[in-house]
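A.B. asks: Listed below, chain by chain, are the residues.
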Amino acid sequence: MSTAVTPLKTAAELEIAKLFAAARPAGADSARAAAFARVEESGLPHRRIEAWHYTDLRALMRQAAPLAPAPSAAQSARPPWSLVQHDDVFVFVDGWLVKTPKLPSGVVATTLEAEASAFANMLNRGVDLTGDIVTSLNTAFMTGGMAINVATGVQVTEPLSFAFETTGATASHARVVVNVADNAALTVIETHRGAADLAAQTNTVMEFTLGKGARVEHIRVNGADITSQTLSTVAASVAAEADFSTLSFTTGAALSRHQVFVRVHGDDAKVGVRGVNLLRGTQHADSTLVVEHDALNGISRELFKTVVDDEARGVFQGKIIVKPHAQKTDGQMASNALLLGENASMHGKPELEIFADDVVCAHGATVGALDDTLLFYLMSRGIQRKEAEALMIQAFAGASLEDVSHEGLREALVDMTSAWLAERT
Amino acid sequence: MLEIRNLHVKIADEDKKILNGLNLTVHAGEVAAIMGPNGSGKSTLSYVIAGKEDYEVLDGEILLNGANILDMEADARAAAGLFLAFQYPLEIPGVATMTFLKAAMNAQRRARGEDELQPAAFIKAVHGAADKLGIAKDMLKRPLNVGFSGGEKKRMEILQMALLAPKMCILDETDSGLDIDALKVVSEGVNALRGADRAFLVITHYQRLLDHIVPDTVHVMAKGQIVKSGGKELALELEKNGYRDYASAA
Chain A
19 MSTAVTPLKT AAELEIAKLF AAARPAGADS ARAAAFARVE ESGLPHRRIE
69 AWHYTDLRAL MRQAAPLAPA PSAAQSARPP WSLVQHDDVF VFVDGWLVKT
119 PKLPSGVVAT TLEAEASAFA NMLNRGVDLT GDIVTSLNTA FMTGGMAINV
169 ATGVQVTEPL SFAFETTGAT ASHARVVVNV ADNAALTVIE THRGAADLAA
219 QTNTVMEFTL GKGARVEHIR VNGADITSQT LSTVAASVAA EADFSTLSFT
269 TGAALSRHQV FVRVHGDDAK VGVRGVNLLR GTQHADSTLV VEHDALNGIS
319 RELFKTVVDD EARGVFQGKI IVKPHAQKTD GQMASNALLL GENASMHGKP
369 ELEIFADDVV CAHGATVGAL DDTLLFYLMS RGIQRKEAEA LMIQAFAGAS
419 LEDVSHEGLR EALVDMTSAW LAERT
Chain B
383 MLEIRNLHVK IADEDKKILN GLNLTVHAGE VAAIMGPNGS GKSTLSYVIA
433 GKEDYEVLDG EILLNGANIL DMEADARAAA GLFLAFQYPL EIPGVATMTF
483 LKAAMNAQRR ARGEDELQPA AFIKAVHGAA DKLGIAKDML KRPLNVGFSG
533 GEKKRMEILQ MALLAPKMCI LDETDSGLDI DALKVVSEGV NALRGADRAF
583 LVITHYQRLL DHIVPDTVHV MAKGQIVKSG GKELALELEK NGYRDYASAA
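Chains as they are written, first to last, in our numbering: chain A, 19 to 443; chain B, 383 to 632.
These are computed hints drawn from the structure, not numbers from a lab. These figures come from a predicted structure and were not determined experimentally. Treat each hint with caution, since some may be false.
Said to hold, decoys possible - Listed below are several chain A residues computed to face chain B (Cβ distance under 10 Å; list not exhaustive): (1) Glu133; (2) Asp390; (3) Leu393; (4) Glu405.
Unchecked claim - Derived DMTMM-like pairs (lysine to aspartate or glutamate); straight-line CA-CA distance at most 25 Å: (5) B:Lys484 / A:Asp390; (6) A:Lys341 / A:Asp312; (7) B:Lys549 / B:Glu496; (8) B:Lys484 / A:Glu429; (9) B:Lys506 / B:Glu534; (10) B:Lys484 / A:Glu425; (11) B:Lys484 / A:Glu405; (12) A:Lys337 / A:Glu371; (13) A:Lys404 / B:Glu435; (14) B:Lys392 / A:Asp390; (15) B:Lys523 / A:Glu429; (16) B:Lys484 / A:Asp433; (17) B:Lys514 / B:Glu498; (18) B:Lys566 / B:Glu473; (19) A:Lys120 / A:Glu131.
To be verified - Computed footprint of chain B on chain A; a stretch qualifies when at least three of its residues, placed anywhere within it, have a C-beta under 8 Å from a C-beta of chain B: (20) 395-404; (21) 411-425.
Glycine included, every Cβ here is placed at the ideal spot set by N, Cα and C.
Using the sequences provided together with the hints, build the complete structure.
C.D. replies: Structure representation (structure tokens):
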């Protein structure tokens, strides 16, 4: 005898289904339908699912915001937030692509808007994200989509920037694919910000594939409004001798979930996954990453620094997987949290899953307060308490920024840290 | 310059009493040495003067130029002219030595209502003082004290002292961990700062340091009190006889 089980849907889940039936964006229909079927089946992830234990999205996302309409000409014309001085910025407003800059030579773009089926065929190519509900939601509802192909051997000297802006209390879904061919190199900057006090919901997916010997440096800055919810996913498939690094820097959003999935499938590759989360008030920021080594001699470095003030909550979940034949893998993962507020909290879950026998892998997770003795040392030199604390916090977070190779960008992130500290009460 | 009256101190959150009615006066221009056995409370005294929060002052006063400093935080005491050279200088990963020096010098200037230093003047002052102490310029770019040897850390303390130009300098076991050459460099650095309007309190176990930094007065500390005071010859006497005469004096 079998019993039909009808799971109870939350208001947000019911609303998402209604939106998909009524207002789904045009193009890539079969990809959207397949993705939505997975969302329908699983519902929003909740705390009984291990990967979502500390971020119960079903409970935290009480309402599904209406899908963002295409922005007005005025909204599209607003100058985007750019961390470094240059003109080559892709601009997405409320998830819609509104500006494509002149592309450097050797770089070709394909958009969802112009070539929906070609674009849909480029999704989930490097890392299979079909099992991830956040990505599936993005696929079902994506409005703006940009795929960049960098040809073999092309070294793009200036960073390509993607500015994601929101203007209302709506849901936006943007998708970016970056394919970097053999021995090519690219720096990608991604910035997020939004209109004040309008609880926007954003879901951004960035997919990277790196060819042999390719180099990609990706920096993501989440400065979303403090009322918003941001879901973000970075996936990278890394071939032999390639070098992929990604840094997430978060000061914004009431709720943020940043996911990184990296698969190393070629020998002698290098991966860096870093993060800085500066949290206050009642912010909740989740950094979840899975780095899978499926080839020889892989090196991966994961370093996350979380500063938690007031009643904010940080989450770090990091997993390094070493497949049976991925010998000589060298993986080092660390999550360090600094709790400033008495009611601040940090939840950490570092994991190693090692199936090879000749590897060097380690993980460490620390949670602590500011060191009183060090504070006394600084104050005994005449530095006031607040400034001494700021120096210590800046130094703590700075360790994750040291490897940003673009000097102007590194300075911009240091300045953002200072600005965050200056607002500390 | 510095006057300590009937100072009683215990460790906060514990019943352990460390200082038991200590009296000490150091005049402007004077170099006073405090010697004493392990556990006599020498380091506690230096921390309490500098304003470390782990202690509770039960009674007494500490006057710096006539003003009681016990209610001031450590940074205000520093701005008032106090400096403690640490026995174990702390490492500050991620903060370049230059950044730290600039923050300290400007914080004190601001507290005294003075303008911040111009960058060129700051760099010139630091390089000049560093040269005298044999501190290489590339060390100034490294995070403060991180990976420095014991001798380098102590030189860095004296560099800070030279740049901050305090009125009252306390040297806590500055000779510990120094070889003879480093001891000489550090002592010369200290001697160069001696002057009529500056005073020193040199805390040490051994006579050795006092061969290089010759004191005007020597005080023997035992069980949280000053039990004997005299001239520099008192240090030589201690070196010969040890501290056993004072172990039961308090």
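A.B. asks: Next, verify each hint and record whether it holds.
C.D. replies: Hints, verified against the model:
About 47 Å separates the beta-carbon of A:Glu133 from the nearest beta-carbon of chain B, more than 10 Å, and the hint is not met. Proximity of A:Asp390 to chain B holds as hinted, the smallest CB-CB distance being about 7 Å (cut-off 10 Å). Residue-level restraint check for A:Leu393 holds (minimum Cβ-Cβ distance to chain B is 9 Å; threshold 10 Å). Interface hint at A:Glu405: satisfied, since its Cβ lies 6 Å from the closest Cβ of chain B, which is below the 10 Å cut-off.
The suggested pairing of B:Lys484 with A:Asp390 holds, with an alpha-carbon distance near 21 Å, which does not exceed 25 Å. Simply put, A:Lys341 and A:Asp312 have alpha-carbon atoms about 5 Å apart, close enough for the 25 Å limit, and the pair holds. Distance restraint check for B:Lys549 and B:Glu496: the Cα-Cα separation of roughly 17 Å lies within the 25 Å cut-off, and the hinted pair is therefore satisfied. Distance restraint check for B:Lys484 and A:Glu429: the Cα-Cα separation of roughly 19 Å lies within the 25 Å cut-off, and the hinted pair is therefore satisfied.
For the suggested pair B:Lys506 and B:Glu534, the alpha carbons sit about 20 Å apart, so the restraint of at most 25 Å is met. For the proposed pair B:Lys484 and A:Glu425, the alpha carbon gap of about 22 Å is at most 25 Å, so the pair holds. Proposed proximity of B:Lys484 and A:Glu405 is supported: the alpha carbons are some 12 Å apart, at most 25 Å. Taking the CA atoms of A:Lys337 and A:Glu371, the gap is near 7 Å; set against the 25 Å cutoff, the hint holds.
At roughly 16 Å between alpha-carbon atoms, A:Lys404 and B:Glu435 fall within 25 Å of each other, so this suggested pair holds. With a C-alpha separation of about 18 Å, the suggested pair B:Lys392 and A:Asp390 falls inside the 25 Å cut-off, and the hint holds. Simply put, B:Lys523 and A:Glu429 have alpha-carbon atoms about 17 Å apart, close enough for the 25 Å limit, and the pair holds. For the hint pairing B:Lys484 with A:Asp433, the CA-to-CA distance comes to about 18 Å; that is within 25 Å, so the pair holds.
About 24 Å separates the Cα atoms of B:Lys514 and B:Glu498, which keeps this hinted pair within 25 Å; it holds. The hinted pair formed by B:Lys566 and B:Glu473 meets the criterion: a straight-line CA distance of about 23 Å does not exceed 25 Å. A C-alpha spacing of about 17 Å is found between A:Lys120 and A:Glu131, which places the hinted pair at or below 25 Å, so the restraint holds. For the region 395-404 of chain A, the stated coverage by chain B holds: 9 residues have a C-beta nearer than 8 Å to a C-beta of that chain, and at least 3 were required.
Coverage of a stretch by a chain is defined here by at least three residues with a beta carbon nearer than 8 Å to that chain's beta carbons; for the region 411-425 of chain A and chain B the count is 5, and the condition holds.
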